[in-house]
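> Just need the whole structure built from these sequences, with the hints factored in.
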Amino acid sequence: MFGLGKKRTKLGKWLDRRGITQSWLAKKSGVNRNTINALAADKDRAPNSRTMAKILKALREVDPGVKSDDFWSM
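Sequential numbering from 1 applies to the sequence shown in the UniProt record's numbering.
Do not take every clue at face value.
[As the list claims (entries may be wrong)] Once the Cα atoms are required to be at most 16 Å apart in a straight line, the calculated EDC-like pairs of lysine to aspartate or glutamate come out as:
id, residue 1, residue 2
1, K54, D69
2, K28, D63
3, K13, D69
It should be emphasised that the hints constitute simulated quantities derived from the structure, not laboratory data.
Below is the structure:
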């Protein structure tokens, strides 16, 4: 099971609910795995606009309706 006992952000919880790995997201988005890990675990971490766009493009392959407000308040 994904996410057991880990601190998770909205992004991390979204990935866990859908069974999507951080490695998959890193590969699909072209964003470094360490960055994905930080964004999925650290509530104080927010991506820059370029990173956010890459992540959202990859996530929209799973859910076309996903938007940045689902994960980050900007």
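> Confirm or reject each hint.
Results for each hint:
Proximity of K54 to D69 is assessed by CA-CA distance (about 15 Å); at most 16 Å being required, the pair is judged to hold. Only pairs whose Cα atoms come within 16 Å are accepted, and K28 paired with D63 is accepted, the gap being roughly 14 Å. Between K13 and D69 the CA atoms are separated by roughly 14 Å; this keeps the pair inside 16 Å, and the hint holds.
Checked against the numbered hints above, the structure violates none of them.
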